[in-house]
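We have chain A already, so just place chain B on it with the hints.
There are 2 protein chains.
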Amino acid sequence: MALYRRMAVIGCGLIGSSFLRAAKAAGAADHYVAHDRSVEVRERVRALGLVDTVTDTAQEAVKDCDLVVLATAPAAIGAVAGQIASALAPGATVTDVGSAKQAVSDAFGAVLPDTVFPIPGHPIAGTEQSGPDAGFAELFNERWAILCPVSRKDAPYLAAVDRLSRLWESFGSQVELMDAHHHDLVLAVTSHLPHLIAYNIVGTAADLEEVTESEVMKFSAGGFRDFTRIAASDPVMWRDVFILNKDAVLEVLGRFTEDLQALSRAIRWGEADKLEALFTRTRAIRKGIVAAGQDAPEPNFGRNRKG
Amino acid sequence: MALYRRMAVIGCGLIGSSFLRAAKAAGAADHYVAHDRSVEVRERVRALGLVDTVTDTAQEAVKDCDLVVLATAPAAIGAVAGQIASALAPGATVTDVGSAKQAVSDAFGAVLPDTVFPIPGHPIAGTEQSGPDAGFAELFNERWAILCPVSRKDAPYLAAVDRLSRLWESFGSQVELMDAHHHDLVLAVTSHLPHLIAYNIVGTAADLEEVTESEVMKFSAGGFRDFTRIAASDPVMWRDVFILNKDAVLEVLGRFTEDLQALSRAIRWGEADKLEALFTRTRAIRKGIVAAGQDAPEPNFGRNRKG
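So the protein lines, in turn, are chains A and B.
If you're matching positions, the first sequence starts at 1 in the working numbering and goes up one per residue.
If you're matching positions, the second sequence starts at 308 in the working numbering and goes up one per residue.
Next comes chain A alone, as it looks inside the complex (with noise of 0.2 angstroms):
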């Protein structure tokens, strides 16, 4: 029997796309629904047969469904929660993809009714590549999908976490619960600087006068190459992420500039200990990750690479 009766994907770019053909193919809804204020990629939808029902709004996607996801871009999240409120069925499990966890927390919070399960979520998984047509079955295989339920304990929430925990390890993910605030700080840290940084990178070589970019472009395999592909992301949603998750960005962006400015000084001031001490000390992370098989290339890396 499938996990859910009736599934609605509002918003149907990498991730939701993504998400409704990795439910197909587990066979987790009776019925699929799906909905995205763009006209062009509600047709694209239609075209490649992602869904059973593609319908004008928002509200209509949602009615007499189990299951509502939110894949829209994150800072359209709230209007939407918002929008389709008073549309949905008692019993309705919430949730959404985006990369923001406490202010989707807040928004559920503020405007959905008390009758249907909000379970703020995201997957750990994404490509540089966006719209309904880059979307693909196994994104989320073998990939983390984090849920923070909000602070409820009656059994019929527990046991809606628990169906939609159910439904991840379907795709292939491994489920993690965790506070929303703890998880905006910790994906600060592992995502959301890693990309700030690498899209300031990249705008600062753009920059230069006395390097082309061309030059930039043909040696960029001595370590650039790898800021250009994060920094090659989805730029509406990075903006919304950002702003969103600004507090724990920046307390970690604080951090890392001091850290920076000490590096700088050790160069300045050539002191080699002080530099072979980090660098020794960071490696040894790294062989932490390779030894917890976290090693694994994003999906469509390997896809992009030639040879």
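Any given hint could be a false lead.
What the hints assert, rightly or not - In silico lysine-lysine, DSSO-like type, Cα no more than 27 angstroms apart, as pairs:
no., chain 1, residue 1, chain 2, residue 2
1, A, 287, A, 274
2, B, 370, B, 331
3, B, 594, A, 218
4, A, 287, B, 525
5, A, 246, B, 525
6, B, 581, A, 246
7, B, 594, B, 581
8, A, 274, B, 553
9, A, 218, B, 553
10, A, 24, A, 63
For the record, the hints were derived by calculation from the structure and aren't laboratory data.
Only a predicted model underlies this, so the values are computations on that prediction, with no experimental measurement involved.
Positioned in the frame of chain A, the structure of chain B alone reads:
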């Protein structure tokens, strides 16, 4: 006929031992000599059968050689050049493989006799591994090799540059001739700054009190993981590179920090348009790199990855 009669490589780590393997695979010399200051490394080079002769001193190694390759830690290149200067045969080419070229060019100019041909060099290739066992013949295949000829225009010198270029080409490398100062600036952007940033972010993450190291590792797929790979590079080599290329590194680091502060301010004040504009621009640069075919993985990255 072999390109060189007798080739000596001083320093048999990842790059030196790969150079020897590539040279032998290409049949580039009639006789191969190696020296490393470490007794253990010399024994490994003997055991691996990498050369015809392993010597106990650098001076012995270079005797009667027409090609001498300094593949020691970057900071030692100048000192080793001084050691071998009096033992070099007239007409020998002396090159190196370090990441900072102006310092090497200056050292060569200061200590080498006029009878030899100094040609600082730098292959844009490497892995996160170190030592003679980590080397492999294909390391330089389809990678750039930058040569930074000194300001000599006599025919024998130009012929020596040409011969060394052909050697790198026989390894599958593409050769680029570049002024040493310009090399240092280009590499400061494309390689040294990325490494510095990666070392720094991994250090910052490890120091956070509220996020455990195991959480950082667990959720590193969100972007952080790519940094840890770069931050696992040889600590001694990178310590030397930052100190030897101090001026260019501090120059680009200063610009990077300035840009990062502007970005930080845009996040604090919620300047969504400014963020989106930068992120859209960096995405375009990535497309240029992919289109230019500069997106091949580091040779050993594939090996270290599961799946």
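Status of the hints after comparison with the structure:
no., hint, verdict
1, 287/A / 274/A, "21 angstroms, holds"
2, 370/B / 331/B, "20 angstroms, holds"
3, 594/B / 218/A, "13 angstroms, holds"
4, 287/A / 525/B, "13 angstroms, holds"
5, 246/A / 525/B, "23 angstroms, holds"
6, 581/B / 246/A, "15 angstroms, holds"
7, 594/B / 581/B, "21 angstroms, holds"
8, 274/A / 553/B, "15 angstroms, holds"
9, 218/A / 553/B, "23 angstroms, holds"
10, 24/A / 63/A, "20 angstroms, holds"
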